[in-house]
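Could you put together the complete structure from these sequences and hints?
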Amino acid sequence: MAEMTIGGAQEFAGEQARMRALALVWGALLMLLLPILGLLGLFMRAYQSQILAEAAPDVSWFYASLTLHGLGLVGVSYTVSFIGMLYVLSQHVRLNTRVLWLSTGLTVVGVVLLVINFLLRFAPGWYFLYPLPFISAGGWASVTADIFLVALAVLGVAWLLWELELIRAIASRYPLAQALGWHYLKGNPSPELPPVVLVATVCAIAGVIALLAAVAMLIFFLVHRFTGSMVDPLVVKNLTFFFGHVLINLAMYHGIGFLYALFPIYSGHAWKTAVPMVIAWNCVLFLVMFAYFHHLYMDFAQPGWVQVVGQIASYGTAIPAAVVTILGTLAQVYRRPVRWTLASSLLFLGTMGWAIGGVGAVLDSTIAINFRFHNTLWVAAHFHTYLLVGLVFLMLGFVAHLTQELSGVPERVGLARAIVASLLLGGYGFVLMFYLSGVHAVPRRYALYPFELEIGTTLAKVALLFVLLVVLGVLLYLIEVGRRWFAAYAALRAS
Amino acid sequence: MTPMVVFLVWLVIGLLVVFVYAWMAVSTRGAAGEEAAYQALGRLRRPLFILMLVVLGILFAFTIPRTPYPKGQIPDEVVHAVGKQFQFALSAQPIRNDEEFIRASATPLKISRGRLVEFRVTSLDVNHAFAVYDPDGELLGQTQAMPGYVNRLLLRFDKPGNYTVLCLEYCGLSHHIMRIGFEVAEPSPATSRLSNLASRR
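Those sequence lines, one after another, are chains A and Z. Numbering-wise (the numbering used here), the first sequence opens with residue 1 and increments by one. Numbering-wise (the numbering used here), the second sequence opens with residue 1001 and increments by one.
For the record, the hints were derived by calculation from the structure and aren't laboratory data. Among the clues, some could well be false.
Chain Z residues, not near chain A, derived (Cβ > 12 Å throughout) [said to hold, decoys possible]: (1) E1077; (2) V1078; (3) H1080; (4) A1092; (5) P1094; (6) E1099; (7) T1107; (8) L1116; (9) D1158; (10) E1183; (11) S1188.
Quick look at which bits of chain A chain Z covers, simulated, 3 or more residues with Cβ under 8 Å [said to hold, decoys possible]: (12) 298 to 307; (13) 340 to 351; (14) 374 to 383.
We put the beta carbon where it would ideally sit given N, CA and C, even for glycine.
Listed below in structure tokens is the structure:
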């Protein structure tokens, strides 16, 4: 904004104020949806542990919960992390908050449709593998598949809109090559590129490509819906996993985007763009497109070279994450006078969950290992590690930071420590039961386990204890951050 | 690598990560924030990059020859395996329609120990997965059962007993009860003679 006029500066400040309001609303949505969707998870583990016994509701509620829990949390992860990234990005580029509000409204419409479908017990699983939504063996009404397609279309439009707005905002200030940091590779680090701009550019490009794949997937679904004839399930499977894999990876990368901007506030050391970071994120943009093949390793009909590319790309995405972001986070902390608060602790520990979950994911992305781990609870283990104790920590850290920044309400140190301890112990204990179940080849997405795999039931019982700790941590978080949220809201209204 | 070895690898690396994070967090106590400390960790970037490249390279080289995809082996037996909400059918004969499916699902399958079996796996409706568990509940391997495609899964059964096939791809409300069994028995003398002849050739 070097050429900005006084009027332009005021307008920019106005957009930033509107961005703060939007971020606050999404913070509230996180605090509302995370507990509700988390409780569906608690219900599922209780169902699997058989403690509900005679009181257990019909199995259709288990699978409907499985569907909404997965769809909902992937959606919440993508959207809240996206808004978190935009919040810090709004310091550098001018975003049109009207578009972001429109996307928010459409997202709410999509979520309402998904909730209606949940009440109608629509249950094709969170990745709704074609042609299951249409062929349920009497499990759910065919109208629910139609509602689901409308929900997908609405969410697709909403998210494509704000991804395009992000690209427009970045492009209005930075040429593409500069936004991707290519001038650093030529030995010229001028103009200086804030790391969040680099991450946001990579995410926006990958996001638009993923959403276009979703459009293609939706077209295949519509062809089936209106002609009644089967389309190629392997092609649709590729599109589905490409979209889903990229989307959930983007959620994590959005989190890293705001981590780069927020953590230095607590460590006192600026996190600057440098050549390794530029190489890393440009590699990520390329590799994330091909890593999704690991979801199809057990589709032996895929060409063999595609499977090998999947393994290489999956290994490849781990290297920039460790060498640039994880090591960078540690360098921010090592022998520095870090101001440890709820926000900084959760941001720091969120990267640890990403690292530990990443190890589980890399192992599972090895074809020979996946042969025995695919669709066992090992899969649920590693993605809950980098989502629950990874990305959720980052998002909770972001909202804790946001509400603190906007409200100025002092933190209750003891409560903050109790929150971190409960979430940490509960979260890791919970995922450990998934890992152990995976070792014993307990299948994922089973309402009840067969007698040969009874250990799955026992481990689900133990997991419940840890889930209760997570619930406690979330409740304490709501008490502490909810109080700040109301103060921040009041301060924002007053200003 | 057995699942337990994979778990132990994950556990050791995971604990190492926790240790490093704890160490870093403790190092902030009373720290003055020297630039030298930041630079020192920055210098680890290259060794870490090389270490990861080497470790992942070794893992890749070790595991790629062990992928489960058919590599031109000639099976001793072919078994057609078909999934359909919420049952499997196994047969030495092709299963092309519902009638053949019902007949095959009612006929128990017996396989001789030590033979290389090729399962030709497909589905008549939605995606399923065909996962074979041995008599001790250990998962031997799996492949997807997809409508319109045939996936060839090769397994050799060295342990006699009752094997179980479970569906590992979510396929609807009764997914968790979709299963079938087959028996692996000691080969009869006649089958053994034929196998020996085949292996000598």
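Numbered hints the structure breaks, given as an ascending list: none
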